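Undergrad: Listed below, chain by chain, are the residues.
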Amino acid sequence: MPASDVKTERRPATDEMKGRRVGRWSDDRLGVSRFARTALNKVFPDHWSFMLGELAMYCFIVLVVTGIFLTFFFDASTGEVVYNGKYGPLRGVEMSEAYRSVIELSWDVRAGLVMRQIHHWAALLFVAALITHMCRVFFTGAFRKPRELNWMIGVTLLVLAIANGFTGYSLPDDLLSGTGLHIMYAIVLSIPVLGEWLASLIFGGEFPAHDIIGRLYVIHILLVPAAIAMLLGAHLAILWRQKHTQFPGPGRTERNVVGSHLWPTYTARSMALFCLLLAALSALGGLAQINPVWLYGPFDPASVSTAAQPDWYLGWIEGALRVFPAWEVRAFGKTIANPFFPSVLMPGITFALLYMWPFIEARVTRDRDDHNLLDRPRYRPVRTAIGTGVLTFYVVLTLAGAQDVFSQQMDLSIVAVVRGLQILLVVLPLGVGLITYKVCKDLAGAEHLLEEQEEAREPFIAIGKIEATDGNGHKEREKTATH
Amino acid sequence: MSAGDEKHEQRAERGAAIAFLVAAAGAVALGFVYAGGGQPQAEGLLLAVSLGGIGVGLVIWANKLLPQGPVQEQREVLPTSDEERAGFEEDLKGAGLVKRRTLLARTLGLAVLALGGAAVFPIRSLGPSPGKSLKQTAWKPGMKLVNEHDEEVKAGALSVGGFITVFPEGHTKDADAQAVMVRVAENQLHPTEEREEWSPEGLIVYSKVCTHAGCPVGLYQADTHQLICPCHQSAFNVLEEAKPVFGPATRKLPQLPIEVGENGELKATGDFSEPIGPAFWNLG
Amino acid sequence: MTRWHLSARSSLLLLVPLLVALAAVALSRPPEARAAQPTTQALAEETEADPELGARLYQRDCVFCHGADGKGTSRGQSLTEVGPAEAHYSITTGRMPIEDVGDERRRREVKYKAEEVDALIAHMRRFLAFEPEIPEVNVEEGKLSEGGEVFLAECAACHQWSGAGGALLGREAPGLREATPTQIASAIRAGPPGMPGYGEEVIDEEQLNSVVKYVLYLREPQDRGGNGLWHLGPFAEGLIAWVVGIGVLILAVLWIGERGTGEPVAEPQPSEGEGGATQ
Numbered sequence: 001m002p003a004s005d006v007k008t009e010r011r012p013a014t015d016e017m018k019g020r021r022v023g024r025w026s027d028d029r030l031g032v033s034r035f036a037r038t039a040l041n042k043v044f045p046d047h048w049s050f051m052l053g054e055l056a057m058y059c060f061i062v063l064v065v066t067g068i069f070l071t072f073f074f075d076a077s078t079g080e081v082v083y084n085g086k087y088g089p090l091r092g093v094e095m096s097e098a099y100r101s102v103i104e105l106s107w108d109v110r111a112g113l114v115m116r117q118i119h120h121w122a123a124l125l126f127v128a129a130l131i132t133h134m135c136r137v138f139f140t141g142a143f144r145k146p147r148e149l150n151w152m153i154g155v156t157l158l159v160l161a162i163a164n165g166f167t168g169y170s171l172p173d174d175l176l177s178g179t180g181l182h183i184m185y186a187i188v189l190s191i192p193v194l195g196e197w198l199a200s201l202i203f204g205g206e207f208p209a210h211d212i213i214g215r216l217y218v219i220h221i222l223l224v225p226a227a228i229a230m231l232l233g234a235h236l237a238i239l240w241r242q243k244h245t246q247f248p249g250p251g252r253t254e255r256n257v258v259g260s261h262l263w264p265t266y267t268a269r270s271m272a273l274f275c276l277l278l279a280a281l282s283a284l285g286g287l288a289q290i291n292p293v294w295l296y297g298p299f300d301p302a303s304v305s306t307a308a309q310p311d312w313y314l315g316w317i318e319g320a321l322r323v324f325p326a327w328e329v330r331a332f333g334k335t336i337a338n339p340f341f342p343s344v345l346m347p348g349i350t351f352a353l354l355y356m357w358p359f360i361e362a363r364v365t366r367d368r369d370d371h372n373l374l375d376r377p378r379y380r381p382v383r384t385a386i387g388t389g390v391l392t393f394y395v396v397l398t399l400a401g402a403q404d405v406f407s408q409q410m411d412l413s414i415v416a417v418v419r420g421l422q423i424l425l426v427v428l429p430l431g432v433g434l435i436t437y438k439v440c441k442d443l444a445g446a447e448h449l450l451e452e453q454e455e456a457r458e459p460f461i462a463i464g465k466i467e468a469t470d471g472n473g474h475k476e477r478e479k480t481a482t483h
Numbered sequence: 001m002s003a004g005d006e007k008h009e010q011r012a013e014r015g016a017a018i019a020f021l022v023a024a025a026g027a028v029a030l031g032f033v034y035a036g037g038g039q040p041q042a043e044g045l046l047l048a049v050s051l052g053g054i055g056v057g058l059v060i061w062a063n064k065l066l067p068q069g070p071v072q073e074q075r076e077v078l079p080t081s082d083e084e085r086a087g088f089e090e091d092l093k094g095a096g097l098v099k100r101r102t103l104l105a106r107t108l109g110l111a112v113l114a115l116g117g118a119a120v121f122p123i124r125s126l127g128p129s130p131g132k133s134l135k136q137t138a139w140k141p142g143m144k145l146v147n148e149h150d151e152e153v154k155a156g157a158l159s160v161g162g163f164i165t166v167f168p169e170g171h172t173k174d175a176d177a178q179a180v181m182v183r184v185a186e187n188q189l190h191p192t193e194e195r196e197e198w199s200p201e202g203l204i205v206y207s208k209v210c211t212h213a214g215c216p217v218g219l220y221q222a223d224t225h226q227l228i229c230p231c232h233q234s235a236f237n238v239l240e241e242a243k244p245v246f247g248p249a250t251r252k253l254p255q256l257p258i259e260v261g262e263n264g265e266l267k268a269t270g271d272f273s274e275p276i277g278p279a280f281w282n283l284g
Numbered sequence: 001m002t003r004w005h006l007s008a009r010s011s012l013l014l015l016v017p018l019l020v021a022l023a024a025v026a027l028s029r030p031p032e033a034r035a036a037q038p039t040t041q042a043l044a045e046e047t048e049a050d051p052e053l054g055a056r057l058y059q060r061d062c063v064f065c066h067g068a069d070g071k072g073t074s075r076g077q078s079l080t081e082v083g084p085a086e087a088h089y090s091i092t093t094g095r096m097p098i099e100d101v102g103d104e105r106r107r108r109e110v111k112y113k114a115e116e117v118d119a120l121i122a123h124m125r126r127f128l129a130f131e132p133e134i135p136e137v138n139v140e141e142g143k144l145s146e147g148g149e150v151f152l153a154e155c156a157a158c159h160q161w162s163g164a165g166g167a168l169l170g171r172e173a174p175g176l177r178e179a180t181p182t183q184i185a186s187a188i189r190a191g192p193p194g195m196p197g198y199g200e201e202v203i204d205e206e207q208l209n210s211v212v213k214y215v216l217y218l219r220e221p222q223d224r225g226g227n228g229l230w231h232l233g234p235f236a237e238g239l240i241a242w243v244v245g246i247g248v249l250i251l252a253v254l255w256i257g258e259r260g261t262g263e264p265v266a267e268p269q270p271s272e273g274e275g276g277a278t279q
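Residue numbers (my numbering), protein chains in the order written: chain A, 1 to 483; chain B, 1 to 284; chain C, 1 to 279.
The shape of chain A in the complex, shown without the other chains (with noise of 0.2 Å):
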C-alpha cells in the first residue's frame, strides 16, 4: 500500500514526493488521474451486510491462490502406481496416480496438508458466502431494475461454484468422490434422449472410464475458474456503473448512495476484511481437518462406504435422490429413469426459478420502476415468505442427504427418517413461510403504529415511503417516542 498522506509524519517530504512520482510518471502516460479521483472518492454504503458479495468474492481469490500450489503437485491420471511415502496404512497400496499425489502432498509434502485443507474449506465457504449474499439482496429487493442483469450473473456464479466444487471434490480419486462421480454418471445418463451419448462424451466411454479425473481436472482448474473470473469481473464492473443499493433512511434517496470513500476507509476495511478472512480460513485449514483421503482409500468401483455424502453444498440434490419415490417413467421402449426427476429436474427449475425471479415479481407486482433503496424484508412480507419458505425446503432436501448419518446417531430407523423427511419437505416450507409472513405483518404493522404515534407529536421529514434506517433507527424512535 503507498503511503497515505494521513499518517505520514515521520517522513512527509520523501514518501509523498516518491508518491507524487509515480502518479505523475502514470498519469504522463495513461492520463488515469481523473478517473482514479472518481474512484477514490466513489461512495460504499457503510452497512454490514454489504460485505458478504465481498467474502465470497475474497473466497474465489484465496482458492486460485491456493489452487495454484497445488496444481504443482497432483497428477491428473489414473495410471496405477504404489504409494511408499510417510503414511503408514496405505504404504505398498496399489492406487491411481491422482490419489497417490495427493497422499503425499498431504503427507510427504511440507505446509501442503494446510494449503489443500485452507483450498478446500474456502471452497465450502466460497458457496456459502455467496448464498448468504444472495439471500441478502433477495431479501432486501435488491434485484429489481435496473439489477436484473447482475442478479442473474450471481446465479450463474452460484452455479459455476458449485460445478467447481464437484469437479474439485472428485479430483483426488478417493473413494467417496469416486461413489459420487459414479451417481453423477448415474444422473448423466438419466437425461432422456440425450443421456448416453452425453454420459458417454463427458466420461470418455462407460464409468469408470479413465479419461475422467484429467478432463474434471481442467475444467477445474480452467474452464470454470475463467468463466467466473470473467462473471466476477462483469459483476463487478455492473456494480460500478449502478452503484450500489442502500437502506433507506435520513438523507438515504433513490438519488444518492450514502456511506464511505473507497479511499481509504472502505479500502482499509475491506482489507482487513480479506485478512480476516483468511486468518478464519487458516485456522480450520491448520486446525479442523477436512477431507481425509487417506481414510477414505484409493478409489475402486466395486467397494463403498456408508455415510456417503457430498460436500454440502450438494446436499439437496442427495436429498433430493434419496428421499424422491421409487418413480421411474417407461412408455413406448423409452424410459425416463428415477434420478432425472430430482438430480436433473429439480435442480432445473430450481436454478430457473432463480433467474426469473426479478421478472417473475416485477410482473407480479407490476413495479417496472428503478429501485436504489433497499425493502425492509417485513415491508414485503409476500416476498419474505417465499423466501423462508423455499430456503426451508432447501435445508430439508440437504439434511435428507445426510438421512442415514441421522437416523444411525439418533438411533432411528431408517424407513422411518425418510418417510418424516418426506412429509416435513411438504409441511415444514408451508409453516414457516406463513410463520414468516405473520411475523412481518406484526413487526410492520407495530413499527406503522410507533411512527404515527410520533408524528403525531412531531413534523418528520419523511424521506421515501419508510423511515427508519434499520435496527438503529428502530430504537432511536422509541426513544424520541418516549419524550
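It cannot be assumed that every hint is accurate.
To be verified - With a cut-off of at most 25 Å between alpha-carbon atoms, the simulated PhoX-like pairs for lysine-lysine come out as follows:
no.: 1; chain 1: B; residue 1: K267; chain 2: B; residue 2: K154
no.: 2; chain 1: A; residue 1: K86; chain 2: A; residue 2: K18
no.: 3; chain 1: B; residue 1: K144; chain 2: B; residue 2: K267
no.: 4; chain 1: C; residue 1: K143; chain 2: A; residue 2: K86
no.: 5; chain 1: A; residue 1: K334; chain 2: B; residue 2: K132
no.: 6; chain 1: B; residue 1: K140; chain 2: B; residue 2: K243
no.: 7; chain 1: B; residue 1: K173; chain 2: B; residue 2: K140
no.: 8; chain 1: B; residue 1: K144; chain 2: B; residue 2: K173
no.: 9; chain 1: B; residue 1: K173; chain 2: B; residue 2: K252
no.: 10; chain 1: C; residue 1: K111; chain 2: C; residue 2: K71
no.: 11; chain 1: A; residue 1: K42; chain 2: B; residue 2: K243
no.: 12; chain 1: B; residue 1: K243; chain 2: B; residue 2: K267
no.: 13; chain 1: A; residue 1: K334; chain 2: B; residue 2: K64
no.: 14; chain 1: A; residue 1: K243; chain 2: A; residue 2: K42
no.: 15; chain 1: B; residue 1: K144; chain 2: B; residue 2: K64
no.: 16; chain 1: B; residue 1: K252; chain 2: B; residue 2: K135
no.: 17; chain 1: A; residue 1: K334; chain 2: B; residue 2: K252
no.: 18; chain 1: A; residue 1: K334; chain 2: B; residue 2: K243
What the hints assert, rightly or not - Every beta carbon over 10 Å from chain A, so not counted as near; a handful from chain B, in silico:
no.: 19; residue: A3
no.: 20; residue: R14
no.: 21; residue: F32
no.: 22; residue: G38
no.: 23; residue: E83
no.: 24; residue: E90
no.: 25; residue: A105
no.: 26; residue: A111
no.: 27; residue: K140
no.: 28; residue: A155
no.: 29; residue: G156
no.: 30; residue: A213
no.: 31; residue: L219
no.: 32; residue: S234
Please keep in mind that the hints were generated in silico from the structure rather than gathered at the bench. It should be emphasised that the depicted structure is a prediction, and the values quoted were computed from it without experimental measurement. Beta carbons are placed, not taken as given, at the ideal position from N, Cα and C, and that holds for glycine.
With chain A's structure known, arrange chains B and C on it following the hints.
TA: Frame of chain A, contents of chains B and C only:
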C-alpha cells in the same frame, strides 16, 4: 479536536500497532515451524494469528483513525438521452448496409451456421458411441467367477449367510461386470421356472451395480436377505429375484446365471438377466 | 435490538478464545496416534474351564429360550448351527443373554467374568456347531495396509470408512470402537445376525489379523489435518463451514461494517461535510 479524542486516537494507534507486531511475530514463528519440518496445526494457527493480526490492525485503523462517514455521492441517471439513443441506432445501421445486402447477410449467416456445425464435430471424439455397451457386460457362458485378485471362487467358499464380490475371470477391473454372490438356504429359494437352474446349491449371484444411481450394492443384511445400497438406501430382496423393497430404486438387480463345475469352480452360463445399473432412455 | 458496537479490544477478545478453542480441540488428541497395542485375548483354554460352573450358568441364563439341549424353543433360536465364534461374540459383547424375550440384541455390560465365559462356552460346545471356531487373532502380525484394503472392500459399506457404524434397514451396523480383537474376528468369521460371515476362503488368517489391526487403528487414526470432526465426513464439514466459518465471518463483518451508518443520523438532512464527492 478535543483532548479526549486525541487520547482515543492514541489508544487506537497503539492497538493497531500491537496487532501488526503480533502479526509479524506470527509470521516469524511460522518461518521457524516450516524450517523445522512443518506441522500442519502450528502452520494453520500461526498463519491465522499473522493474518488475523493484520486484519484486526486494519479494522482499528479504518474505524478509528480514518475519516468516518457518512458521505454521499449523487447517482447519475442510467439511461442516456433519447437523441443519443437515436444517434447510436442510426450509426449501428451503418447507413443501411445490413438492410440492403440481404443476400450477403443471408449467405454469411449460412456460412457461419455451417462452420458452427462443423466446429461441433470434434466433440464427437470425446467418447465412443454408447451403442449396445450399456446393455451387455463381459460375462459370457463358461466364464469362471473370480474374486478381486482374479482368484477362482469355489462353491465351498461361502457358507449360508456368506457374501462375496465376484468378477468374470480376467475382468476384475470391469465395473459393470461386478456381482455379488450370496448363499442362502436352498429351501428358502423358490425360483421361477426360467431361473430354476441359475442358483445351484443356494448360491445366487446379482449385479453389484445399483439400478438406481449405480453405487455398489455392498451391504448385505444376511438375516433378512436384503442387499442394500449405502448411497441412497435402496434395498433388494435376495430371495425374490432381488426385487426392490425400499428406497428409490425401481428395478430388480439383474441376476447372473451360474453353474458349479466339476472341481467345485463356479462358471457363468450367460450374461446378466437384464441390462445392469442405472436406467437410461433406450433401456426399453 | 442491540447494536453491534464492538470495540476493537472486545472483538479481539471474541476471536482469541475461538482460536484457542479450535487449537485446543485440534491438539487434544496427539497428532501421531499411538500405535494400537491391544492385548490379544487369551483363548479359552478348554481344559481350564469348570464344567460344573458352565452348566449352572447355562441353566440359569440360557435354558429358558434355547432349551437344555440347545435346540431352541419358541422363544429362542436353535444353537446347533451356531459356532463357538458367534457364541463367544454374543456373550462377551453382552448381546446375550437378554433379560426379556424380544429385547434388542445390542452391546451391553457383560455379566460374566472371563472364566465364567470360558466355562459357559465349554458347556455349550456339547451342542454348538464346530464351525466357525473362535478365531485366534494375532494383531501384531497384521499389516495395516492390507487391513485397510480389506476393510474398505468388505466392511466400510456397513460400518463406514471410519468404523463408526451405519444405518441399515430397521437396524444399524454397530460402531467398531468398543469391540475387542477377538470379538471383531469372531464377528467376521461367524456373521452374527444381520451380518454376513466371512470364511477363510474370503478373508484368510493373515487378512483377518490385518483387518483387526486396521479396525483398532481407526479408533485413533492419524489426524494430521487437525481435529477429526467426529470422523463423520462431508456432513460434519459442511456444518462447521456454516456454523464456525460463516458464523465467525459474519461477526467480523458486523464488527467492521455499519460504522457511520448509525451514529450521525440524528438530523434528517444528509451530513455532507467531510468533502462528500458531489459530482
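Undergrad: Run every hint past the structure and note whether it holds.
TA: A quick look at each hint next to the structure:
1. K267(B) - K154(B): holds (10 Å)
2. K86(A) - K18(A): This hinted pair is violated, its Cα atoms lying about 52 Å apart.
3. K144(B) - K267(B): OK: K144(B) and K267(B) at ~4 Å, within 25 Å.
4. K143(C) - K86(A): Status holds; Cα separation ~15 Å.
5. K334(A) - K132(B): Satisfied, since the Cα-Cα distance of roughly 15 Å is no more than 25 Å.
6. K140(B) - K243(B): With Cα atoms ~24 Å apart, K140(B) and K243(B) stay inside 25 Å; holds.
7. K173(B) - K140(B): holds (16 Å)
8. K144(B) - K173(B): OK: K144(B) and K173(B) at ~15 Å, within 25 Å.
9. K173(B) - K252(B): holds (23 Å)
10. K111(C) - K71(C): holds (24 Å)
11. K42(A) - K243(B): violated (67 Å)
12. K243(B) - K267(B): Status holds; Cα separation ~24 Å.
13. K334(A) - K64(B): violated (69 Å)
14. K243(A) - K42(A): holds (9 Å)
15. K144(B) - K64(B): The given pair, whose Cα atoms are some 79 Å apart, is violated under the 25 Å limit.
16. K252(B) - K135(B): Satisfied, since the Cα-Cα distance of roughly 15 Å is no more than 25 Å.
17. K334(A) - K252(B): holds (18 Å)
18. K334(A) - K243(B): holds (21 Å)
19. A3: Answer for A3(B): holds, closest chain A Cβ roughly 19 Å.
20. R14: At roughly 13 Å from the nearest Cβ of chain A, R14(B) sits farther out than 10 Å, so the non-interface label holds.
21. F32: Answer for F32(B): holds, closest chain A Cβ roughly 13 Å.
22. G38: Incorrect as stated: the minimum Cβ-Cβ distance to chain A is 4 Å, not above 10 Å.
23. E83: E83(B) is indeed farther than 10 Å from all Cβ atoms of chain A, at 21 Å.
24. E90: Label holds. Min Cβ-Cβ 24 Å, cutoff 10 Å.
25. A105: Label holds. Min Cβ-Cβ 28 Å, cutoff 10 Å.
26. A111: holds (26 Å)
27. K140: The assertion about K140(B) holds, with a minimum of 17 Å to chain A.
28. A155: holds (21 Å)
29. G156: Check passes; 22 Å lies beyond 10 Å.
30. A213: Nearest chain A Cβ is 4 Å from A213(B), so the label is violated.
31. L219: Not fine: 7 Å to the nearest Cβ puts L219(B) too close to chain A.
32. S234: At about 8 Å from chain A, S234(B) fails to clear the 10 Å cut-off, so the statement is violated.
Checked against the numbered hints above, the structure violates hints 2, 11, 13, 15, 22, 30, 31 and 32; every other hint is satisfied.
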